[in-house]
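Novice: Sequence:
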Amino acid sequence: MTEDRQVEHPLRAEQAAQRPGSAREAVNRMIEAGLLDEVMDRVDAGGLELTGEGGFLPEMIKAVLERGLATEQTGHLGYERGDPAGRGSGNSRNGTSPKTVASEVGDIDLAVPRDRAGSFEPRLVPKGARRTGGLDEMIISLYAGGMTVRDIGHHLERTLGTELSHDTISKITDSVLDEVKAWQSRPLEEIYPIIYLDALVVKVRDGHQVRNRAAHIAVGVDLDGVKHVLGIWVQAAEGAKFWAGVCAELRNRGVRDVLIVCCDGLTGFPEAVEATWPQTTVQTCTVHLIRAAMRFVSYTDRKKVAAALRPIYTAPTADAAETELLAFAESDLGHKYPAAVATWENAWERFIPFLAFPPELRKIIYTTNAIESLNFQLRKIIKNRGHFPNDDAAIKLLWLAIRDIEDKRARARAKEKGLKAADRRAPGRLVEGATVNGWKAALGALAMAYPERIEPYLT
Numbered sequence: 001m002t003e004d005r006q007v008e009h010p011l012r013a014e015q016a017a018q019r020p021g022s023a024r025e026a027v028n029r030m031i032e033a034g035l036l037d038e039v040m041d042r043v044d045a046g047g048l049e050l051t052g053e054g055g056f057l058p059e060m061i062k063a064v065l066e067r068g069l070a071t072e073q074t075g076h077l078g079y080e081r082g083d084p085a086g087r088g089s090g091n092s093r094n095g096t097s098p099k100t101v102a103s104e105v106g107d108i109d110l111a112v113p114r115d116r117a118g119s120f121e122p123r124l125v126p127k128g129a130r131r132t133g134g135l136d137e138m139i140i141s142l143y144a145g146g147m148t149v150r151d152i153g154h155h156l157e158r159t160l161g162t163e164l165s166h167d168t169i170s171k172i173t174d175s176v177l178d179e180v181k182a183w184q185s186r187p188l189e190e191i192y193p194i195i196y197l198d199a200l201v202v203k204v205r206d207g208h209q210v211r212n213r214a215a216h217i218a219v220g221v222d223l224d225g226v227k228h229v230l231g232i233w234v235q236a237a238e239g240a241k242f243w244a245g246v247c248a249e250l251r252n253r254g255v256r257d258v259l260i261v262c263c264d265g266l267t268g269f270p271e272a273v274e275a276t277w278p279q280t281t282v283q284t285c286t287v288h289l290i291r292a293a294m295r296f297v298s299y300t301d302r303k304k305v306a307a308a309l310r311p312i313y314t315a316p317t318a319d320a321a322e323t324e325l326l327a328f329a330e331s332d333l334g335h336k337y338p339a340a341v342a343t344w345e346n347a348w349e350r351f352i353p354f355l356a357f358p359p360e361l362r363k364i365i366y367t368t369n370a371i372e373s374l375n376f377q378l379r380k381i382i383k384n385r386g387h388f389p390n391d392d393a394a395i396k397l398l399w400l401a402i403r404d405i406e407d408k409r410a411r412a413r414a415k416e417k418g419l420k421a422a423d424r425r426a427p428g429r430l431v432e433g434a435t436v437n438g439w440k441a442a443l444g445a446l447a448m449a450y451p452e453r454i455e456p457y458l459t
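FYI, in the UniProt record's numbering the residues of the sequence shown are 1 to 459.
In case anyone wonders, no lab produced these hints; they're calculated from the structure.
For clarity, every value in this text was computed on a predicted model and none was experimentally measured.
Some hints here could point you the wrong way.
Unchecked claim - Label pairs and their in silico Cβ distance ranges: (1) Leu57 to Lys171: 45 to 53 Å; (2) Arg205 to Phe296: 31 to 39 Å; (3) Gly239 to Glu372: 41 to 49 Å; (4) Pro187 to Arg310: 57 to 65 Å; (5) Arg150 to Ala182: 27 to 35 Å; (6) Gly207 to Ser92: 22 to 30 Å; (7) Met60 to Arg256: 53 to 61 Å.
Stated by the list, open to error - Once the Cα atoms are required to be at most 30 Å apart in a straight line, the calculated BS3-like pairs of lysine-lysine come out as: (8) Lys99 to Lys181; (9) Lys380 to Lys408; (10) Lys417 to Lys383; (11) Lys415 to Lys363; (12) Lys171 to Lys383; (13) Lys420 to Lys383; (14) Lys181 to Lys408; (15) Lys203 to Lys363; (16) Lys99 to Lys62; (17) Lys363 to Lys380; (18) Lys383 to Lys241; (19) Lys241 to Lys62.
Where a beta carbon is used, it is the ideal one built from N, C-alpha and C, also for glycine.
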């Protein structure tokens with residue numbers, strides 16, 4: 001999901017429009033010649049529909065495709081219709097076969113030419129094809145936007161007059177599974193100074209029941225400070241076994257070292273990380289820790305508790321933080337909410353590592369907000385879905401959604417290319433390809449803290 005790939009389509013379209021013989025040039029010539037005036041007059045008068053059954057555009061596409069098929073057949077046979085040269089050639093035209101294909105403007109009934117030898121294989125509308133180019137991409141885009149298979153079917157029928165079965169739409173969306181698997185198994189960098197890990201809940205069918213499962217998304221920061229989504233895993237197995245598999249997969253894909261992993265308190269995850277990369281620091285997300293403690297605090301006291309907790313995670317040292325925690329535990333609020341105190345005490349060893357670093361690095365590793373902003377967008381996409389039939393379907397949608405989000409943002413930026421910075425409103429990258437703010441200072445702090453591990457990769 002690089003910037004080059006994201007903006008490739010609008011740029012390619014613009015370049016194509018400037019080439020001699022382009023579609024836009026052909027349309028402009030028709031307009032200048034007045035060939036479309038009668039058509040548009042009939043549309044304005046209500047006597048002609050543009051799309052749907054019997055519409056102008058489907059009929060135009062039908063005429064173009066059938067003419068192209070006839071041209072293909074002529075090339076295959078080697079002689080024009082009615083040409084005496086075809087006599088005794090061993091093959092000849094043999095009528096047509098009806099075929100209906102779906103398109104962005106409605107269903108199109110074609111007369112596909114046949115030959116007596118049965119050797120004609122059209123490329124314009126291949127045998128077995130039931131859709132014209134572009135419809136698959138539309139369906140996948142709608143699916144990535146959160147629409148269910150049923151919703152997509154209703155949408156296509158209502159807007160395009162095209163009826164596709166649920167099974168057909170499912171097969172179209174499943175066509176990206178190989179791409180998802182290739183992405184999930186692609187080689188990775190040898191070192192990621194920081195990896196963030198966070199999860200969102202998805203509903204997945206398990207036998208005759210629908211269960212809540214955690215879909216974990218890992219984002220790695222490379223040595224240039226650029227974020228990359230490393231993978232998506234739906235947790236179905238017991239914690240320790242699941243995390244051992246995830247870490248082994250990342251190592252098998254080339255990750256030799258990770259300096260800091262920032263995550264929520266995940267059972268079995270710290271042990272799996274330390275077994276895979278023994279020197280890696282596992283840092284509990286401070287924001288998650290605060291939220292966990294607030295679960296036990298009444299709404300009226302939340303501002304007071306939040307203010308009392310702040311000196312703990314902003315303390316200059318681990319010893320100072322421990323002093324602040326003891327002070328909170330002995331306060332009236334601490335006595336009133338002992339469960340909140342216990343939340344911090346139980347997570348203490350995983351909370352304090354970031355206190356050993358300077359502020360430039362602290363602000364980057366104290367929270368998993370880098371992923372939470374992404375998960376917020378993903379939740380909006382999956383919230384209307386009932387459930388997924390299996391884990392692969394959940395991973396497929398999340399991957400498509402991430403790609404779709406980044407591509408839309410890239411297209412918006414491409415439209416503003418050339419404008420002054422003050423006039424640009426398009427959003428930057430959400431996660432994939434985004435650069436961590438203040439990375440140079442953070443990298444310097446990491447180089448000071450882990451010189452023997454990071455310097456070999458900086459040369």
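Novice: All hints, please: hold or fail.
Specialist: Right, here's what the structure says about each hint:
no. : hint                         : in the structure
1   : Leu57 to Lys171: 45 to 53 Å  : violated, 26 Å
2   : Arg205 to Phe296: 31 to 39 Å : holds, 34 Å
3   : Gly239 to Glu372: 41 to 49 Å : violated, 21 Å
4   : Pro187 to Arg310: 57 to 65 Å : violated, 42 Å
5   : Arg150 to Ala182: 27 to 35 Å : holds, 29 Å
6   : Gly207 to Ser92: 22 to 30 Å  : violated, 58 Å
7   : Met60 to Arg256: 53 to 61 Å  : holds, 58 Å
8   : Lys99 to Lys181              : violated, 34 Å
9   : Lys380 to Lys408             : holds, 16 Å
10  : Lys417 to Lys383             : violated, 34 Å
11  : Lys415 to Lys363             : violated, 33 Å
12  : Lys171 to Lys383             : holds, 23 Å
13  : Lys420 to Lys383             : violated, 37 Å
14  : Lys181 to Lys408             : holds, 23 Å
15  : Lys203 to Lys363             : violated, 33 Å
16  : Lys99 to Lys62               : holds, 11 Å
17  : Lys363 to Lys380             : holds, 27 Å
18  : Lys383 to Lys241             : holds, 29 Å
19  : Lys241 to Lys62              : violated, 57 Å
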